[in-house]
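Colleague: If you want the building blocks of each chain, they are given just below.
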Amino acid sequence: MHPQLQLLVALQDMMGMIREIEEQGSELEDMGFKTEGLEKLKEAQAELEAKIDPQLMGQFRRLTKKFGRAVVPVIGNSCTGCFAQIPTSFVSKTNAGRLQRCESCGRILYWP
Amino acid sequence: MDIAEVLKHTSSDLFLPDLQATDKTSALKELVAGLASGINLKNPDTILQMLQSREELGSTAVGPGVAFPHGRTLAVQELKILLARSTAGVDFDSEDGEPTHLFFVLVAPPQDMGHQYIKSLATLIDTIQDAGLREKLMAADNYEAFCAALKGE
Ligand SMILES: [Zn+2]
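First to last, the protein sequences are chains A and B. Position 12 of the first sequence, counting from 1, maps to 11 under numbering that gives the first Met the number 0, and the rest follow consecutively. Position 29 of the second sequence, counting from 1, maps to 28 under numbering that gives the first Met the number 0, and the rest follow consecutively.
Derived from the structure by calculation, the hints contain no laboratory data. There's no promise every hint is true.
Derived list of chain A stretches under chain B, where covered just means 3 residues or more per stretch with a C-beta under 8 Å from a C-beta of chain B [said to hold, decoys possible]: (1) 5–12; (2) 19–25; (3) 34–43; (4) 102–111.
Straight line, CA to CA, 25 Å or less: simulated SDA-like cross-link-like pairs of lysine to any residue [said to hold, decoys possible]: (5) Lys41/B to Glu54/B; (6) Lys33/A to Glu22/A; (7) Lys41/A to Ile17/A; (8) Lys33/A to Glu19/A; (9) Lys39/A to Asp22/B; (10) Lys41/B to Glu48/A; (11) Lys41/B to Phe82/A; (12) Lys23/B to Leu40/A; (13) Lys33/A to Arg133/B; (14) Lys41/B to Gly75/A; (15) Lys33/A to Glu97/B; (16) Lys28/B to Glu48/A; (17) Lys41/B to Lys64/A; (18) Lys50/A to Glu54/B; (19) Lys41/A to Glu94/B; (20) Lys64/A to Asp22/B; (21) Lys41/B to Arg100/A; (22) Lys135/B to Asp17/B; (23) Lys41/A to Glu28/A; (24) Lys33/A to Gln115/B; (25) Lys41/B to Ala83/A.
Beta carbons: idealized from backbone N, C-alpha and C, even for Gly.
Chain B with its partners taken away, still in its complex shape (with noise of 0.2 Å):
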């Protein structure tokens, strides 16, 4: 799957250019208020309990400075990926110990067919891996400009 393949599962309403939490229990909540509200969601306490059990079972701060929370849950009914930036970074409890500044959160519904998820999640992760596009990335003025950097536009 290529990246713009997987941008279409996001707008910008779904971008939260400077999350205010520094730890991950206020930044998880903070990412699901932002899907809420994106998409309009009615239970997103489902949503905040699956991102959370999915942190049980290892964090998803994997990349350079860069977290994946993902999962599926009955509570969405498409593929939706929010995008969000921390400029002060948050605890994420990554594996290097370093500070998370950029977020992507994968939610899908249980049928999900063709794995989709798993499809998006693993071109972003290779797309993430340029430091040079994580400093854009960073630096981008807004939505567009951040989706234009993913692009490699």
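Just chain A, same shape as in the assembly (with noise of 0.2 Å):
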């Protein structure tokens, strides 16, 4: 996977895993978990953000607030954000390590 793709994914993942807390901690409290630790996270998150080229950030930031999420998985040949069909030829581009986005709705695409 392209290295800054990796670091985009696992961002997304912490900054839904902190949403979830925000959103939902009473209910993990409920069952035992504690989530003191939300404050290190951030600053995992920032130190995350950090790392990601700072033009890429950029757009990260755009199509998340447009979009909720700015990377998205194909999955069977589609992008789960839009339904478009994305060419098969965009997996083998992705693997040589570039960064694709779907041509129809601007999202990044992830291959699962």
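Taking the hints as your guide, dock the two standalone chains into a single complex.
Modeller: Below, the structure is given as structure tokens:
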């Protein structure tokens, strides 16, 4: 996987985790889970963001604002953000180290 | 959600009967390696990173001798549950300081509608409170026996 894409996916997973704790923390706490590390996790998020190319980070922020999730998985040759077909040639390009965005919606594509 | 429903998200390929790791870092790696081979994951590092972040938030070793590493990640397309056991015990930063012997690893996609994984987690935590059951799980010979014990059979 493209190293910058790897970072973006880790960042998006981490942002989801933080949001989940902020929105559903009490549910998890009721089950006995501690969430005292939330501030530490936010620091780790900032550290991760600093490792990402600033221009790409800008794109990621804009897409996140617009769609909620900037990176989406490609499943069955479709962008799961907008359901447009993704040409199979995109897969090999990503494997060759290029980031790919959906031609239809612009989201960053990830092959899980 | 009942336990039989929860167990639909696992399989004999997602059962690690005896972990070799004794510390948290290597245990997480071994658990993720188990997931990766069980469901043919292309990006195990993504899951490892997510589970490590989750542990930063607070240890998931919240049951008596039981841990529930969990979270959502783009790296999976549906809820999957890995079952693992350690005879020797793992130092997983548990609240009571006791070693962890049983692991239930839940990984779900970000879009997990209806919070299936939160419901599964709640069911597993409730089920595992029974000390007699934990003994049966430690003694189970194989995946089938392990699941049967969980189902109370
Ligand atoms: Zn799209």
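Colleague: Of all the hints given earlier, name the ones this structure violates by number, lowest first.
Modeller: The structure conflicts with hints 17 and 20, although it agrees with all the remaining ones.
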